[in-house]
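There are 2 protein chains.
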Amino acid sequence: MYNFEFRNPVKILFGKESISKLSGEIPTDANILMIYGGGSIKRTGVYDQVMAALKGCTVEEFSGIEANPHYETCMKAVDVVKEKNIDFLLAVGGGSVLDATKFIAAAALYENGDPWDILAAGVAVEKALPLGAVLTLPATGSEMNGNSVITRAERQEKKAFGSPLVMPQFSVLDPECVFTLPDRQVANGIVDAFVHVMEQYLTFKVNSPLQDRLAESILTTLIEEGPKVLADRKNYEAAANFMWCATMALNGMIAVGVPQDWSTHVIGHELTAFHGIDHGRTLAIVLPGVMHVKRDNKKDKILQYGERIWGITAGNEDERIDAVIARTVEFFESLGVPCRLPEYDVPESTITKIVDRFKQSEAKIGEKQDMDYLEIEKILRNRL
Amino acid sequence: MYNFEFRNPVKILFGKESISKLSGEIPTDANILMIYGGGSIKRTGVYDQVMAALKGCTVEEFSGIEANPHYETCMKAVDVVKEKNIDFLLAVGGGSVLDATKFIAAAALYENGDPWDILAAGVAVEKALPLGAVLTLPATGSEMNGNSVITRAERQEKKAFGSPLVMPQFSVLDPECVFTLPDRQVANGIVDAFVHVMEQYLTFKVNSPLQDRLAESILTTLIEEGPKVLADRKNYEAAANFMWCATMALNGMIAVGVPQDWSTHVIGHELTAFHGIDHGRTLAIVLPGVMHVKRDNKKDKILQYGERIWGITAGNEDERIDAVIARTVEFFESLGVPCRLPEYDVPESTITKIVDRFKQSEAKIGEKQDMDYLEIEKILRNRL
Numbered sequence: 001m002y003n004f005e006f007r008n009p010v011k012i013l014f015g016k017e018s019i020s021k022l023s024g025e026i027p028t029d030a031n032i033l034m035i036y037g038g039g040s041i042k043r044t045g046v047y048d049q050v051m052a053a054l055k056g057c058t059v060e061e062f063s064g065i066e067a068n069p070h071y072e073t074c075m076k077a078v079d080v081v082k083e084k085n086i087d088f089l090l091a092v093g094g095g096s097v098l099d100a101t102k103f104i105a106a107a108a109l110y111e112n113g114d115p116w117d118i119l120a121a122g123v124a125v126e127k128a129l130p131l132g133a134v135l136t137l138p139a140t141g142s143e144m145n146g147n148s149v150i151t152r153a154e155r156q157e158k159k160a161f162g163s164p165l166v167m168p169q170f171s172v173l174d175p176e177c178v179f180t181l182p183d184r185q186v187a188n189g190i191v192d193a194f195v196h197v198m199e200q201y202l203t204f205k206v207n208s209p210l211q212d213r214l215a216e217s218i219l220t221t222l223i224e225e226g227p228k229v230l231a232d233r234k235n236y237e238a239a240a241n242f243m244w245c246a247t248m249a250l251n252g253m254i255a256v257g258v259p260q261d262w263s264t265h266v267i268g269h270e271l272t273a274f275h276g277i278d279h280g281r282t283l284a285i286v287l288p289g290v291m292h293v294k295r296d297n298k299k300d301k302i303l304q305y306g307e308r309i310w311g312i313t314a315g316n317e318d319e320r321i322d323a324v325i326a327r328t329v330e331f332f333e334s335l336g337v338p339c340r341l342p343e344y345d346v347p348e349s350t351i352t353k354i355v356d357r358f359k360q361s362e363a364k365i366g367e368k369q370d371m372d373y374l375e376i377e378k379i380l381r382n383r384l
Numbered sequence: 001m002y003n004f005e006f007r008n009p010v011k012i013l014f015g016k017e018s019i020s021k022l023s024g025e026i027p028t029d030a031n032i033l034m035i036y037g038g039g040s041i042k043r044t045g046v047y048d049q050v051m052a053a054l055k056g057c058t059v060e061e062f063s064g065i066e067a068n069p070h071y072e073t074c075m076k077a078v079d080v081v082k083e084k085n086i087d088f089l090l091a092v093g094g095g096s097v098l099d100a101t102k103f104i105a106a107a108a109l110y111e112n113g114d115p116w117d118i119l120a121a122g123v124a125v126e127k128a129l130p131l132g133a134v135l136t137l138p139a140t141g142s143e144m145n146g147n148s149v150i151t152r153a154e155r156q157e158k159k160a161f162g163s164p165l166v167m168p169q170f171s172v173l174d175p176e177c178v179f180t181l182p183d184r185q186v187a188n189g190i191v192d193a194f195v196h197v198m199e200q201y202l203t204f205k206v207n208s209p210l211q212d213r214l215a216e217s218i219l220t221t222l223i224e225e226g227p228k229v230l231a232d233r234k235n236y237e238a239a240a241n242f243m244w245c246a247t248m249a250l251n252g253m254i255a256v257g258v259p260q261d262w263s264t265h266v267i268g269h270e271l272t273a274f275h276g277i278d279h280g281r282t283l284a285i286v287l288p289g290v291m292h293v294k295r296d297n298k299k300d301k302i303l304q305y306g307e308r309i310w311g312i313t314a315g316n317e318d319e320r321i322d323a324v325i326a327r328t329v330e331f332f333e334s335l336g337v338p339c340r341l342p343e344y345d346v347p348e349s350t351i352t353k354i355v356d357r358f359k360q361s362e363a364k365i366g367e368k369q370d371m372d373y374l375e376i377e378k379i380l381r382n383r384l
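Note that the protein sequences, when read in sequence, are chains A and B.
Just so you know, we're using the numbering used here here: the first sequence kicks off at 1 and counts up by one.
Just so you know, we're using the numbering used here here: the second sequence kicks off at 1 and counts up by one.
Calculated directly from the structure, the hints in this document are not laboratory data.
All figures in this text were calculated on a predicted structure; none of them were measured in a lab.
Quick reminder that beta carbons are idealized off the backbone N, C-alpha and C, glycines included.
Check each hint, because a few of them may be wrong.
Computed cross-link-like contacts, DSSO-like style, restricted to lysine-lysine with a CA-CA straight-line distance of at most 30 Å [as the list claims (entries may be wrong)]:
| hint | chain 1 | residue 1 | chain 2 | residue 2 |
| --- | --- | --- | --- | --- |
| 1 | B | 299 | A | 16 |
| 2 | B | 228 | A | 299 |
| 3 | B | 205 | A | 16 |
| 4 | A | 21 | B | 127 |
| 5 | A | 11 | A | 84 |
| 6 | A | 205 | B | 11 |
| 7 | B | 84 | B | 21 |
Here are the computed distance ranges between Cβ atoms for each label pair [unchecked claim]:
| hint | chain 1 | residue 1 | chain 2 | residue 2 | range |
| --- | --- | --- | --- | --- | --- |
| 8 | A | 114 | B | 126 | 37 to 47 Å |
| 9 | A | 27 | B | 29 | 45 to 55 Å |
| 10 | A | 326 | B | 45 | 49 to 59 Å |
| 11 | A | 326 | B | 126 | 54 to 64 Å |
| 12 | B | 76 | A | 370 | 55 to 65 Å |
With the rest of the complex left out, here is chain A (with noise of 0.2 Å):
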């Protein structure tokens, strides 16, 4: 295995009923903004949990953060930040509210100039705004990391940053929010979590059998659990499995030591920049593309990765490999998640468009630093 620093100081209260443990977690005298999506929170009971536990403390509201959170949106949550002399940030929804809220986090304190650079020119974040999580929705990870993603509407781009900075103080997660989750985002939710951990895991060996088996014990319980999420909604204990399946997957745990992919990440991110496709799909659809046009790369894990999730091991080498990658899709689509971009009415013309960008950029991305335009092209038309 590689060497590797690593720490992790978010602290997580998970549990039915833990949103009333809130207000220990906040400084008495903060000035809280609270941020939050559009309005779900109020249909499902959950802003007034985290209202009522608040009681007596100080609390601005800012509400609107959009699916694929926008810079424009973060701006002006940056503005109420100055204006009400916020000091405390809470984020109440899911990934996308707490993206956001990291990117606020930042933003509010950056004195070098525009805080796009955080985004596009990579500029390290010297200071954030302490902040916390109450999560609605297991998927992103981001309860538990320094990581976000920000979407420029204006420019059809988006973009992440991370920083041990915006690593929340604490994370609520209340697997009862999951009672009252569309399916379409419990899916979602699955995919994103199962492609966080393939992203750390389908790589190249490295010999770290411990990381290795942690991935797939992941892999394996979101198999198990999240198919009876969605077959029964108020599953308590099937809806904490997969609470806590989603965060493990992304806390930095099973990312020590080995190398890491996020191609399908950084492909699927401009499916949804050019046409606003949930995250988790883009997923669902480019990752197949990456294992069937990296299959020589990631040969030994795809192999691994097939004989112990799904105990495929007959055939040669290339036949199993195929076997690995319809037997994903075939998971991936039972969750009703579809895996092709004619099912999303992406047409071809938008392969081009994305080739485009990463011509000009000249990126090369993947686990080997390799993938350049022309494979990134193979994949999307793998999808097609």
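Let chain A serve as the given structure and place chain B on it in line with the hints.
Just chain B now, kept in the frame of chain A:
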């Protein structure tokens, strides 16, 4: 799964030559007390590496921490802390040195009388000196948690305490430290890490499939990598995998939301207190007895462990449980660790002394808090 809270802010610096990164983790103006054991770090070169990394820093030394560190020795270190105005403790050694350092950190700032109360009366730690660690022996997991076990030699008592305030700020894990360890310490470390997992895993089912699989991942990897380390001490990859398993076994990650046992440890501590038997070896003695006597409480988990770890599926439940216990003993013995009391020259009279202690304290232990002195006697007699 149960509700839980989890937070582990320890920074891990893992890998070859990671000791050189030490100075970046300690405030430059700190008055450091470097705490170590009997001087093996001088023979192995770790002492020189640490001193080179701390060049320019103010470093006092306190050596002589023994295995199963003594309260009496720790209190001498507390005197040095006060005398020299120490404000940062650096533990360099194995679990004993780390545990001692944690107690010294808490005792040095204890203001309510005799610091022994932290151990014997469970008085909460309210403040502690900051500490860091350079781990030389994978085993106890102390490098990534807030737990400590201290022995009061004059009273033959071994007591534990825990506090987030004594979690190391950082721990340096260089697998090359394993190269110079004697067989006995490697074997003890493998057993110690293995039984740490068992204490958190071999209880009763609470529908926690992810935690179960994470625990099984560590067990499987220890079984696979441990013997490689014993066979070839210079196998860096095996040493690294073993080292990371030992840390992951007790950093809280597999304990979230599940019941925990720890009766093997509590009983094992008594064997160390009376006979000075190595901690890991006491666990190898006691665990098979606990599995035998608590076979009803633990039935489902013993059968799952037997099937998933050892492939034991033949026979009725009692036969399978017997086979699982035998296979576990066989594993410990294959490492050179005997599992019966007479092999350590422990007389039957010691059983009486230990049972009397539990009878007098009226303590009940184990994951259901239902193990009394009568069962403890059965467990120990099973190990004759």
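Against the structure, the hints come out as follows:
1. B/299 / A/16: Cα-Cα ~28 Å, so holds.
2. B/228 / A/299: holds, 26 Å
3. B/205 / A/16: Roughly 19 Å separates the two Cα atoms, so the pair holds.
4. A/21 / B/127: holds, 24 Å
5. A/11 / A/84: holds, 27 Å
6. A/205 / B/11: holds, 25 Å
7. B/84 / B/21: Holds - the C-alpha atoms of residue 21 of chain B and residue 84 of chain B are around 25 Å apart, at most 30 Å.
8. A/114 / B/126: 37 to 47 Å: Once the Cβ atoms are compared, 46 Å apart, the range 37 to 47 Å for residue 126 of chain B and residue 114 of chain A holds.
9. A/27 / B/29: 45 to 55 Å: violated, 28 Å
10. A/326 / B/45: 49 to 59 Å: holds, 53 Å
11. A/326 / B/126: 54 to 64 Å: holds, 59 Å
12. B/76 / A/370: 55 to 65 Å: Taking Cβ atoms as reference, residue 76 of chain B and residue 370 of chain A lie about 58 Å apart, which means the hint holds.
In summary, the one numbered hint that this structure violates is 9.
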